[in-house]
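Chemist: Heads up: the protein sequence lines correspond to chains A and B, in order.
94 is the number that this note's numbering gives to position 94 of the first sequence; each next residue is one higher, with no gaps.
166 is the number that this note's numbering gives to position 166 of the second sequence; each next residue is one higher, with no gaps.
Since the hints were derived computationally from the structure, they do not count as laboratory data.
Be careful, since some hints might not be right.
As the list claims (entries may be wrong) - Here are a few chain B residues that face chain A, going by a calculated C-beta distance under 8 angstroms:
| hint | residue |
| --- | --- |
| 1 | K212 |
| 2 | F214 |
| 3 | T215 |
| 4 | A218 |
| 5 | T241 |
| 6 | N248 |
| 7 | S255 |
| 8 | Q265 |
| 9 | M268 |
| 10 | N303 |
| 11 | N305 |
| 12 | H338 |
| 13 | N341 |
| 14 | G343 |
Just so you know, even glycine gets a beta-carbon here, dropped at the ideal spot from N, CA and C.
Each chain, letter by letter, is given below.
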Amino acid sequence: MKLLLIEDEPALSETIEKYFTGDGGLCEVCTNVSSAIEKISLYEYDCILLDIGLPDGDGFAVMEYLQSSGKNECVLIISARNSLDDKIKGLNLGADDYITKPFHLAELKARLMAIFRRKAFGSSNVLNYDQISVDLLGRTVHVNDKPTILTKKEYDMLLYFIANKGRVVSKNAIAEHLWGDEMDMIDSFDFIYTHIKNLRKKLFELSGKDFFATIYGVGYKFS
Amino acid sequence: MKLAAHYNRASIIISVSVLMISGIIYYLVINHIARQQLDSDLVEELEEVVAYVSLNHHLPKPVDFDEDVTTFVKTGRTNFNTVFFDTPYHNPKEIKSEEGRAIAGLVKANGQNYIVTIVESRENTEYLIQIITGVTLILTAILLSVLIVTNRLVLSGLWRPFYSIVEQVKWFNVADKHKVEPVEARADEFKDLSDAIVKMSSRVSGEYQGLKAFTENASHEMMTPLAIITSKLDMLIQDETLNPEQFNQISDIYSAASRLSRLNQSLMLLMKIDNNLLKDAEKVSVRTVILEKAQQFNEMMQNKNIELEYKLDDLEVTASKYLIDVLIGNLFSNAIRHNKNPGKIKITLLGNKLTFKNTGDALELDRETIFERFYKGRTSEGSGLGLAIMKNICTLYNCEIAYTLTEGMHCFSISFNQPLI
């Protein structure tokens with residue numbers, strides 16, 4: 001996947017770049033509207049990660065350029081403003097999703113993969129990883145061609161982990177992904193443990209493989 | 001008492017007393033002048049009598065002196081100083097007694113000395129004084145009534161700008177875009193007052209807007225560093241050479257960072273509610289939202305063995321769906337967080353009244369302070385903003401929110417007002 005990251009905060013862009021290039025993806029970085037437009041006009045990208053607050057104008061200008069030049073890249077907007085107006089404006093200008101700072105890299109990746117899949121594969125949307133195949137439209141999961149019934153949370157979690165395969169994902173990131181605003185409950189980590197345990201068991205029963213590794217107290221790794 | 005009434009009272013008291021004093025002085029002066037006039041008349045009469053006697057060498061008959069009563073008394077005294085005195089006057093025609101003024105002097109006729117006394121009626125001068133007094137009183141009354149009426153008319157006209165300024169100040173709301181309008185006034189003082197208030201209110205509004213913008217910007221500016229912290233942590237845990245102790249510390253940093261970002265988000269939400277920035281009002285079924293949230297929180301309730309009971313009427317309100325979500329979500333999250341294990345939650349939605357009851361610590365919370373920002377129970381793990389947010393949402397939509405402890409259950413009730421806009 002070829003990605004263009006438009007972000008003026010070097011500390012942030014560096015980390016995102018590192019996280020996304022890890023598994024063979026390509027990530028280019030630029031820091032302002034004019035260089036972003038230049039890059040978009042010259043090269044093709046699969047996805048664009050766009051920060052709204054840029055030094056030489058707001059990121060909506062990039063959206064307008066994309067729209068006027070008929071480009072069809074997936075766009076994920078990053079914003080420090082949790083504002084409905086910005087969100088609506090961005091989506092109206094053709095953005096595929098909107099994420100508010102601060103975010104977990106795992107969440108960013110999962111969202112980006114989701115919009116990329118939607119655009120790249122259209123309606124026949126089957127996601128394969130190792131022995132696991134996920135029918136994204138029917139929301140069904142087969143392991144070794146045998147169906148397995150997952151709860152909604154387990155299904156969400158599986159997609160989340162497949163998007164972040166080979167990466168350590170923190171419990172905080174998982175909790176925020178699964179429960180969003182309601183996760184400020186001290187015991188949400190226990191739920192994660194329960195869900196992972198169940199998912200692990202279901203996958204293990206059909207594949208004979210343990211996909212999950214527990215990384216001390218901090219999180220899990222799917223591979 | 002109104003200023004105009006104070007002013008009226010003072011001006012009436014002063015004018016009445018000034019008029020009374022001047023009336024008395026007036027009376028005394030007139031009286032004095034009248035008496036002097038009378039006395040000089042009497043002197044003239046006496047001189048006439050003396051002239052008559054020296055011409056005719058006999059005493060005049062009493063009739064010769066029209067209205068005056070003249071008496072002659074023989075005396076052996078050869079010198080007598082002329083004196084004036086007050087004495088009753090017997091009117092010979094009307095046979096009645098009146099106030100009178102008399103003069104007594106010495107007259108010599110045919111070698112005999114007489115003391116002549118001439119008494120003149122003071123009725124005429126009394127009458128004059130009465131008329132003068134009457135006229136004065138009438139003038140006083142007219143003056144007073146004119147004073148009262150003009151005071152009332154002029155003052156109320158003069159004070160009208162003042163009342164309109166007061167009215168505007170009363171309705172002045174610093175968060176409101178509505179400005180205080182300058183008031184047209186004839187009196188310079190009120191013009192000054194109006195100008196000063198217009199200036200003050202615009203300065204206050206300006207500073208409030210500045211503060212608001214500052215808070216908002218500060219909150220937003222915090223998000224990027226937080227994003228850096230979070231993403232750096234996400235990157236850091238990819239390093240498999242870290243030891244468990246380090247992972248534990250990272251875990252704590254994660255928790256602190258996410259607490260900070262939630263706190264920040266809550267503050268921004270409060271600000272949005274305060275400034276009524278969420279204007280996406282639509283028809284929202286409170287019942288549906290409750291059922292959705294019950295589903296979302298199901299896991300947490302099961303985990304704490306909380307039994308949920310509900311009895312819900314259908315209620316539709318016009319409000320921001322997001323805010324109603326937040327409101328119901330906070331009610332649930334409070335009821336779960338402060339519950340016992342095992343515990344109970346009872347939700348009723350009857351008419352427009354929504355009640356959340358939950359078992360928990362038997363101690364009653366302080367009704368006055370629980371809705372304040374950063375109020376926290378002793379054991380609360382929350383941000384301390386949840387109830388403040390609920391309160392602000394209710395205030396925004398003119399709903400009442402109340403807390404009671406009944407039958408050992410903490411009870412939050414909200415009365416929705418229709419229409420909610």
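Chemist: Any hints this thing doesn't respect? Which numbers, in order?
Modeler: 1, 2, 3, 4, 5, 11, 12, 13 and 14
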